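Build out the structure end to end from the sequences listed, making use of the hints.
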Amino acid sequence: MLIAKVIGTLVATRKHERLLGSKIQIIQPLDHRGIEPKGDPFVAVDAVGAGVGERVFVVQGSGARQGLDDNECPVDATIVGIIDDINC
Amino acid sequence: MLIAKVIGTLVATRKHERLLGSKIQIIQPLDHRGIEPKGDPFVAVDAVGAGVGERVFVVQGSGARQGLDDNECPVDATIVGIIDDINC
Amino acid sequence: MLIAKVIGTLVATRKHERLLGSKIQIIQPLDHRGIEPKGDPFVAVDAVGAGVGERVFVVQGSGARQGLDDNECPVDATIVGIIDDINC
Amino acid sequence: MLIAKVIGTLVATRKHERLLGSKIQIIQPLDHRGIEPKGDPFVAVDAVGAGVGERVFVVQGSGARQGLDDNECPVDATIVGIIDDINC
Amino acid sequence: MLIAKVIGTLVATRKHERLLGSKIQIIQPLDHRGIEPKGDPFVAVDAVGAGVGERVFVVQGSGARQGLDDNECPVDATIVGIIDDINC
Chain A
3 MLIAKVIGTL VATRKHERLL GSKIQIIQPL DHRGIEPKGD PFVAVDAVGA GVGERVFVVQ
63 GSGARQGLDD NECPVDATIV GIIDDINC
Chain B
3 MLIAKVIGTL VATRKHERLL GSKIQIIQPL DHRGIEPKGD PFVAVDAVGA GVGERVFVVQ
63 GSGARQGLDD NECPVDATIV GIIDDINC
Chain C
3 MLIAKVIGTL VATRKHERLL GSKIQIIQPL DHRGIEPKGD PFVAVDAVGA GVGERVFVVQ
63 GSGARQGLDD NECPVDATIV GIIDDINC
Chain D
3 MLIAKVIGTL VATRKHERLL GSKIQIIQPL DHRGIEPKGD PFVAVDAVGA GVGERVFVVQ
63 GSGARQGLDD NECPVDATIV GIIDDINC
Chain E
3 MLIAKVIGTL VATRKHERLL GSKIQIIQPL DHRGIEPKGD PFVAVDAVGA GVGERVFVVQ
63 GSGARQGLDD NECPVDATIV GIIDDINC
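Chains as they are written, first to last, in the working numbering: chain A, 3 to 90; chain B, 3 to 90; chain C, 3 to 90; chain D, 3 to 90; chain E, 3 to 90.
Wrong hints could be hidden among the right ones.
Since copy identity is lost for identical chains, a pair holds within one copy or between any two.
Listed next, the in silico BS3-like pairs over lysine-lysine satisfying Cα-Cα at most 30 Å (straight line) [to be verified]:
(1) LYS7 <-> LYS25
(2) LYS7 <-> LYS40
(3) LYS40 <-> LYS25
By construction, these hints were calculated from the structure, which means they are not laboratory data. These numbers come from a predicted model, not from an experiment.
Take a look at the structure:
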């Protein structure tokens, strides 16, 4: 999984019906210490109530659907946890 | 998911039967603000009626099939929403 | 999906039984206009009767199995259409 | 699969319920001899009781769920073995 | 799929039970002519009895499980054929 920070939101009124009500966020991947930006931001759906500025971890690929407990939802990245601490 | 702009269409009369009737589009990935091109264009199937020039978001991988509500369709990228706004 | 050109074939008599009879091809990815080579060639199975020199589009990942209508076939890239035209 | 070394742990009290009790680790990918770091560290869940400093191999993508024997767990990387030796 | 050469083996006594008895190999990806190394070696499980030095092709992602005829095996790369010849 990827460590990232929530940096914004995406608004889309016309979208797949399985995404209605989803919180679609823009995330910035971070290094493994959760400090420096690393790579380009992209779009993820939130499963844990994360807000802008919070550090999270994100599952990508088919596991993103499990993150939403909906195996028929068209997603490929889901926020599945809010980070308290990283010990390296 | 990826932010992109629809920039063209692909015509193929000989294709897998599950793709008959699909709108096959060429998309240009954009940065997370939805402004600058970022990376190379590729092919995606449209699930939301997006037209050339519109900004969309795209699910890749196995979730692309969910975007088409057809788990047996041979796709790996589907347009699942039209972007109204991005707040970063 | 990826735009590519068929550039050769791979011969393997010892292979997984689900691949027996499959046409295993070498494909060269192309740019989104279907003109210039872009990236490295790789191996794909053909589902639409494409020949060497033809421009095709290719599904990667789990959708490659749907391209062969065989969810138990060990493939990760399948040619699912022959390109007539690209309008960009 | 990827060869890596466990270099730390991630603490998250608010996470998807399927991840409760999981050991979430930070891993550093290594070269194929298991000696030099190669690429950026990322997050994986442990299925074999690996500790910090141990060399492991990691399955990514949908196979990560099989590594946890839980097809509904939202993960994309799981440690599935501890390396004794590499013969190259 | 990827063209590669088997260059070594990985020994792990502590591993996921579905991997017990599996032949875990180190493979070096090759160019599409099967001649020059291209990219970094990684770990794959063997499904066709390939030995060190042989040229093979490898399925990655969820198709790797089909290569082992075991949809619950935690793998993401499986050797599914031994190459006789490449015609480009």
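Each hint, compared with the structure:
1. LYS7 <-> LYS25: For LYS7 and LYS25, the Cα distance is within 30 Å both inside one copy (15 Å) and across copies (21 Å).
2. LYS7 <-> LYS40: Classified as both: same-chain Cα gap 11 Å, cross-chain 20 Å, threshold 30 Å.
3. LYS40 <-> LYS25: For LYS40 and LYS25, both the intra-copy (23 Å) and inter-copy (24 Å) Cα distances are at most 30 Å.
Consistency note: the structure conflicts with none of the earlier hints.
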